[in-house]
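Chemist: Using the sequences and the hints, build the whole thing.
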Amino acid sequence: MRDVAIISTAQSKHVRAASEVNEVELIQPVIQEAIERSGIGRHDFDFTCSGSSDYLAGQPFSFVMTLDAVAAWPPIAESHVEMDGAWALYEAWVKIQTGQADTALVYSYGKSSPGDLTRVLSRMMDSYYEAPLWPTSIDFAALQARAAIAAGVTSETEMAEIANRSRTSAGSNPLAQLTSSPSVEALLADEYLAEPLRKHDCPPITDGGVAVVLAADDKAREYCSRPAWIRGIDHRMDGHHITMRDLSVAPSIAIAAEKAGVGAGGFDVAELHACFTHQEPIIKAALGLGSDVDVNPSGGALSANPMMAAGLIRLAEVANRIHSGSVTRGVAHATGGHALQHNLVAVLEGEG
Amino acid sequence: MSDIQEPAPIDLPEGLWSQPSVDTSALDGLDEVEAVQLINTPAKFVYDYTPGIARTRFLRAIAEKRLVGQRCPETGMVYVPPSGVSPISGLPTLEEVELGLDGTVVSYCIVNLDFTGNAQEIPYVSALILVDGSDIPIYGLVREIPTDEVRTGLRLKSVWVEPDEMTTSFENIKWWAPNGEPDVPASDLVGYV
Chain W
1073 MRDVAIISTA QSKHVRAASE VNEVELIQPV IQEAIERSGI GRHDFDFTCS
1123 GSSDYLAGQP FSFVMTLDAV AAWPPIAESH VEMDGAWALY EAWVKIQTGQ
1173 ADTALVYSYG KSSPGDLTRV LSRMMDSYYE APLWPTSIDF AALQARAAIA
1223 AGVTSETEMA EIANRSRTSA GSNPLAQLTS SPSVEALLAD EYLAEPLRKH
1273 DCPPITDGGV AVVLAADDKA REYCSRPAWI RGIDHRMDGH HITMRDLSVA
1323 PSIAIAAEKA GVGAGGFDVA ELHACFTHQE PIIKAALGLG SDVDVNPSGG
1373 ALSANPMMAA GLIRLAEVAN RIHSGSVTRG VAHATGGHAL QHNLVAVLEG
1423 EG
Chain H
23 MSDIQEPAPI DLPEGLWSQP SVDTSALDGL DEVEAVQLIN TPAKFVYDYT
73 PGIARTRFLR AIAEKRLVGQ RCPETGMVYV PPSGVSPISG LPTLEEVELG
123 LDGTVVSYCI VNLDFTGNAQ EIPYVSALIL VDGSDIPIYG LVREIPTDEV
173 RTGLRLKSVW VEPDEMTTSF ENIKWWAPNG EPDVPASDLV GYV
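As given, the protein sequences belong to chains W and H, one line each in that order. Following this note's numbering, the numbering of the first sequence begins with 1073 at its first residue and continues without gaps. Following this note's numbering, the numbering of the second sequence begins with 23 at its first residue and continues without gaps.
Everything labelled a hint here was simulated from the structure, so no lab data went into it. Yeah, the Cβ is synthetic: ideal placement off N, Cα and C, and Gly gets one too. Some clues are possibly wrong.
From the derived model, a few chain W residues whose C-beta atoms are all more than 12 Å from chain H [what the hints assert, rightly or not]:
id : residue
1  : Glu1092
2  : Asp1140
3  : Gln1172
4  : Lys1183
5  : Asp1188
6  : Asp1211
7  : Asp1289
8  : Trp1301
9  : Gly1337
10 : Leu1361
11 : Asp1364
12 : Glu1423
Pulled a few chain H residues facing chain W out of the computed Cβ check, cut under 7 Å [what the hints assert, rightly or not]:
id : residue
13 : Asp70
14 : Ile75
15 : Gly106
16 : Ile110
Restraint ranges, calculated between C-beta atoms of paired labels, are given here [as the list claims (entries may be wrong)]:
id : chain 1 : residue 1 : chain 2 : residue 2 : range
17 : H       : Ile132    : W       : Asp1116   : 38 to 46 Å
18 : W       : Ser1151   : H       : Pro207    : 34 to 42 Å
19 : W       : Asp1289   : H       : Met188    : 35 to 43 Å
20 : W       : Tyr1201   : H       : Phe67     : 18 to 26 Å
Modeler: The structure is reproduced here in structure tokens:
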């Protein structure tokens, strides 16, 4: 296996609605910033991979339009996933492992404000039994929260504590969207949105994006004083039908964690793609994380949840802390689908 | 249910698959059931389209019977309508460029077949038109000339809706028509076709 590292990252300022800019105007400054921080020339990447979904902004082939931002002429080696950017990073990592690339630019973005997001996400479901009923993403999350509470995995009080801690932590993240929280008591006094979920248990709707640069072996050392090495990365999925799995656990996370080497432990930080409060304990249990690990110091997806980007942002947030030297080893998790269906786990580490 | 045979275990790499043991006996009873061949599950979404900063400037200008493009800071090429970013350099196109209202045919096709949704009387000519001052052609209809006389290099003027019908829409240009100027030599259009 080749050693591959994240050597630079950039994110947009995450907002409820970036109503002035189109998608390429949204992501271009982010891509340019990540490229300039890496030190690699704009035209010198061996591979480019992006993640986005046309359903969000209702723009057919929107990813082709945003290719304007990566200087795709003369023609470049390029790919796209209709998934969170964490999977675009995975594809780039595989490309580098095959020896076909030494450097890669990875980016993803979501502009959810133009549409009705919780309904748009219902289109991910089975088109015969589930999608015709137009279940919202919040409906599914509430079913999972109910199962998790019934199984003793979490409680409404712990969920409120997670919301409070996440958004308080986001106070030190200048790019986050929600950066403060009422007290746990005040949160629990709120009405239910979809019992047992209250508004604070749900992520904000966010427009935003992220870009990261990957480099292998000596290239990474040449361009970065402290690369965030990807020591392990794996992704697994549970069944598509929401009724065919135990929603209180996430076995696909446990398998991905085992394959990525999470069992060795020693983590300073964990960035977990928990869009809803109750998902954090489910993910932590599947990863086997103890209480000594700093979880979501960025504020996590509860503080800024740009669709298709919030997973890759988890890897970027761990990498940022390794680059700065504030941590040595971290684990990042990204998810796709409803109720933690598809999951990616990566172990990142700095040297020295 | 004791006569149900367990499916034979499938030897797959550990961790990659699970093959749950499933009772499929109910499927046998479906032999007499008429198959559902088709269901309709209508889906519709309404979006608020965001043109963006560059396209907003273009659309505001076109409401004033002006065409504006934006210049790539690296190559100098002028894009119209601008997306805000140069596809060759990947950089923002911050310099706005006032374009002419005339242009040149760089490529065209004559449409002889009617089709669902077509709003034009056939035959008609669709053309790629290089607006004066720009470096990338836009799409438009060519009229006021027999279809068999349309050619690459033909000079055109834009024909606009009445002033009181002007909106922030590309539809302000009804079509393009010959402006009487001599043709542009094909050699001058290399790279734009």
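Chemist: If a hint holds in the structure, say so; if it doesn't, say that too.
Modeler: Here's how the hints hold up against the structure:
Taking the minimum C-beta to C-beta distance to chain H, about 6 Å, the non-interface status of Glu1092(W) is violated against the 12 Å cut. A beta-carbon of chain H is positioned within 12 Å of the beta-carbon of Asp1140(W); the least distance is around 4 Å. No Cβ of chain H approaches the Cβ of Gln1172(W) within 12 Å, the least distance being about 22 Å, so the stated non-interface status holds. The Cβ of Lys1183(W) sits about 7 Å from the closest Cβ of chain H, inside the 12 Å cut-off, so the non-interface label is violated.
With a least beta-carbon separation of about 7 Å from chain H, Asp1188(W) fails to lie farther than 12 Å from that chain, contradicting its non-interface assignment. The beta carbon of Asp1211(W) sits about 17 Å from the closest Cβ of chain H, which is more than 12 Å, so the claim that it is off the interface holds. Distance check for Asp1289(W) against chain H: the nearest CB is about 26 Å away, which clears 12 Å, and the non-interface claim stands. At the 12 Å boundary, the C-beta of Trp1301(W) stays outside the reach of chain H, the nearest C-beta of that chain being 24 Å off.
The beta carbon of Gly1337(W) is kept farther than 12 Å from every beta carbon of chain H, the shortest such distance being approximately 20 Å. For Leu1361(W), the condition that its CB be more than 12 Å from all CB atoms of chain H holds, with the nearest at approximately 20 Å. Consistency note on Asp1364(W): stated as away from chain H, and its beta-carbon is indeed over 12 Å from all of that chain's, at 28 Å minimum. Distance to chain H confirms Glu1423(W) as a non-interface residue, since its nearest Cβ pair spans about 29 Å, more than 12 Å.
The restraint placing Asp70(H) at the interface with chain W holds, with a minimum CB-CB distance near 5 Å, inside the 7 Å limit. The beta carbon of Ile75(H) comes within 6 Å of a beta carbon in chain W, closer than 7 Å, and the hint placing it at the interface holds. With a least beta-carbon distance of about 4 Å to chain W, the hint placing Gly106(H) at the interface is held under the 7 Å criterion. Here the hint on Ile110(H) is kept, as its CB sits about 5 Å from the closest CB of chain W, short of 7 Å.
At about 44 Å, the CB distance of Ile132(H) to Asp1116(W) agrees with the hint of 38 to 46 Å. The hint said 34 to 42 Å for the Cβ distance between Ser1151(W) and Pro207(H), and at roughly 41 Å that hint holds. Taking 35 to 43 Å as the suggested C-beta distance range, the pair Asp1289(W) and Met188(H) does not conform, at roughly 59 Å. Checked against the hint of 18 to 26 Å, the pair Tyr1201(W) and Phe67(H) passes, with Cβ atoms roughly 21 Å apart.
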